[in-house]
Amino acid sequence: MLLALLPAALAVTTVAVLGAIIIGALGKDALEVGGQALHATLLTGYGLSQVFFKSTPLILCGLAVAVPLTAGLFNVGGEGQLAAGGLAAALVAGWLAGAGAVATTAAVMAAALAGGAAGAGCGVLRHTRGVHEVISTIMANFILAAGCGWLLHAFAAEPGTSHTPELPADVLFTRLGSVLDAVQGSLLSTSLPLALVLAALLQWVLWRTVWGFELRASGLAPRAAVHAGIRAAAMVVGSMALGGALAGLAGAHFVLGARRFFEEGMSGGEGFLGIAVALMARSQPAAVVPAALLFAALSQAGLSMASHVPRELVLVLQGAVVLVLGGTGPLVDALSRRRAEVRDG
Amino acid sequence: MGELLAVLAGALRISTPYTLAALGGALSERSGVVNIALEAGLLMGALAHAVVAHASGSPWLGLLAAMAAGVAVMALHAALCLHARANHIIVAVGLNLLAVGTGRFALKALYNSAANGPRVDGFETTWWHAVQELPVAGTVAGTPLVLVAILLVPAVAFLVDRTVLGLRIRAVGQHPAAAETQGVNVLRVRWAALLLCGLLCGLGGAYLAADQHQFTQGMSAGRGFIAVSAVVFGQWRPARVWVGCLLFGLLESLQISLQSSSVGIPGQLVQMLPYAMTLVVLALAASRANAPRALGQPWPAGR
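Protein chains in written order, with my numbering: chain L, 1 to 345; chain H, 1 to 303.
Treat the hints as calculated values from the structure; they're not laboratory data.
Using N, Cα and C, we set each Cβ at its ideal position, and we do this for glycine too.
Check each hint, because a few of them may be wrong.
[As the list claims (entries may be wrong)] Pulled from the structure, derived: some chain H residues nowhere near chain L, Cβ distances all over 10 Å:
| hint | residue |
| --- | --- |
| 1 | 9 |
| 2 | 58 |
| 3 | 64 |
| 4 | 148 |
| 5 | 152 |
| 6 | 155 |
| 7 | 166 |
| 8 | 174 |
| 9 | 192 |
| 10 | 243 |
| 11 | 252 |
[As the list claims (entries may be wrong)] Some chain H residues judged to face chain L by a derived CB distance under 10 Å, without partners named:
| hint | residue |
| --- | --- |
| 12 | 107 |
| 13 | 268 |
| 14 | 282 |
Using the sequences provided together with the hints, build the complete structure.
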């Protein structure tokens with residue numbers, strides 16, 4: 001249990017130390033600025049609701065990395081899959097405007113399909129042609145960004161704007177505030193419980209189903225898995241498709257739960273941050289949730305100190321956290337292996 | 001004829017940062033270190049060039065700073081991958097994120113701008129203007145760094161194929177255990193390859209900032225990733241890698257002339273081409289069969 005918390009502790013320490021140094025270097029009182037940011041983020045209702053709101057796409061993008069990573073595959077294509085999912089959601093919800101929950105459901109499924117297709121394509125390239133998924137997903141990010149931009153401007157944009165027409169309220173995710181008094185007025189919508197349920201479901205799938213076992217086996221020992229009769233094609237393409245679908249859902253969150261329309265550059269790098277989230281969670285779907293909350297809190301804290309220091313500071317700290325998590329990964333792995341050895345005698 | 005020359009000259013100019021970064025990437029990967037942090041090297045090089053050239057008024061000091069910044073990025077890469085035995089891809093993702101963040105933070109902190117920094121002078125000096133007066137060479141060359149990049153292709157090829165360091169780089173990328181029994185210090189050779197890679201990325205970044213006469217946020221704009229695909233496209237051999245860079249540059253140059261001649265192909269579709277072409281080329285030709293055999297593996301092996 002303590003070992004599982006080690007990555008988070010390292011991340012928090014990195015943020016605190018590096019953040020204090022940079023804030024200090026800018027001539028500000030790090031304790032005061034940091035204290036105010038912490039208070040505004042974690043001890044006010046608004047701050048907390050924003051943290052949960054921002055964690056929603058991070059949970060989905062973290063899962064989008066964690067699932068393929070279980071099979072030993074790096075999905076760096078979250079940004080592109082997110083854009084594809086967002087555009088699909090906006091188009092479908094727009095066509096079915098007036099159909100209420102049916103439209104919402106269809107739009108969510110379309111987002112998952114679009115993102116999933118993008119992920120599956122990279123999986124197919126990997127399995128049949130040996131194209132490394134890191135390269136193909138990075139290329140797919142650029143191809144999908146340009147492709148979605150073209151589709152948007154050629155067919156889908158509201159005349160005179162650079163986004164799709166604003167969607168009517170009935171097709172959007174339901175605001176949680178309309179059901180729960182405690183979060184009234186916040187931006188939280190049904191996309192948050194959707195993300196939480198998916199995290200729990202995937203935890204169960206990866207650790208309690210045959211497919212999950214096969215996925216983990218092919219990640220730990222690909223050749224042994226093949227010899228045990230596990231079909232590599234199903235693992236590679238399936239996990240990349242599922243990863244892509246999850247990132248696509250993050251796109252649906254932006255369109256149906258935040259913006260009400262699709263536009264280019266919708267995400268603030270959530271697709272890439274998903275990698276950091278999955279690393280901190282050590283690819284455990286359930287642990288993705290607290291990891292996403294931590295990154296969301298960092299981003300919200302950065303926003304709340306924007307009057308003192310540039311909010312771009314958060315971007316620097318995020319990069320540093322990934323480096324620290326990456327650099328200490330082998331050490332944490334070794335520690336957990338040793339503990340397993342001690343436990344198993 | 002003049003139009004063709006303009007397209008070719010454009011291709012050469014556009015491919016310059018690709019070439020510089022991809023040569024660095026080839027060196028790094030030949031030594032066994034996966035490098036998708038070329039993007040970070042380019043971006044930090046560009047930032048350092050613009051900041052120092054603006055503060056000092058000298059583009060040449062900016063160039064030095066850019067090389068130092070590229071080296072610093074790759075030194076971090078080396079420290080984490082070679083000594084902390086971190087996953088090369090994770091480290092690169094972190095470096096790329098850190099570079100984007102540092103670029104935007106620096107713009108805000110130094111110039112109070114969200115998008116771009118102040119204007120800096122290019123490398124055009126009196127003697128260079130004389131070169132530009134020449135009939136064909138002048139149109140083609142653009143800025144001195146274009147020429148430097150072209151000259152570096154045979155230089156890096158010579159380094160890899162014909163020098164002791166090159167032999168060692170190939171050896172530690174192919175079979176580090178065998179290299180070690182020959183008395184080669186594996187980690188030191190990989191360090192050398194990564195630092196050279198940083199130097200080259202820094203040059204590429206300086207080219208970007210000098211070419212646009214300023215630093216803009218995220219100005220590397222995926223060029224480091226194109227360079228990565230050129231490395232794979234060229235099967236890790238400097239000359240072939242250069243051909244890949246030229247091809248991507250030519251494609252982009254064609255796109256620009258197509259756009260200005262209003263043939264009616266949407267810009268976004270043409271923008272996809274280099275990336276789509278990379279995928280097609282990788283799918284058709286290049287499995288990683290010719291990749292350095294120890295690519296991505298930590299040293300010493302084992303736990």
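Results for each hint:
1. 9: Residue 9 (chain H) is indeed farther than 10 Å from all Cβ atoms of chain L, at 25 Å.
2. 58: 26 Å, holds
3. 64: Label holds. Min Cβ-Cβ 24 Å, cutoff 10 Å.
4. 148: Nearest chain L Cβ is 27 Å from residue 148 (chain H), so the label holds.
5. 152: 24 Å, holds
6. 155: Consistent with the label, residue 155 (chain H) stays out of reach of chain L, its closest Cβ about 27 Å off (over 10 Å).
7. 166: 25 Å, holds
8. 174: Given a closest Cβ separation of 19 Å, the condition holds.
9. 192: 21 Å, holds
10. 243: About 18 Å separates residue 243 (chain H) from the closest Cβ of chain L, which puts it past 10 Å; holds.
11. 252: 12 Å, holds
12. 107: 8 Å, holds
13. 268: For residue 268 (chain H), the interface hint holds, since the closest Cβ of chain L sits about 4 Å away, which is under 10 Å.
14. 282: 5 Å, holds
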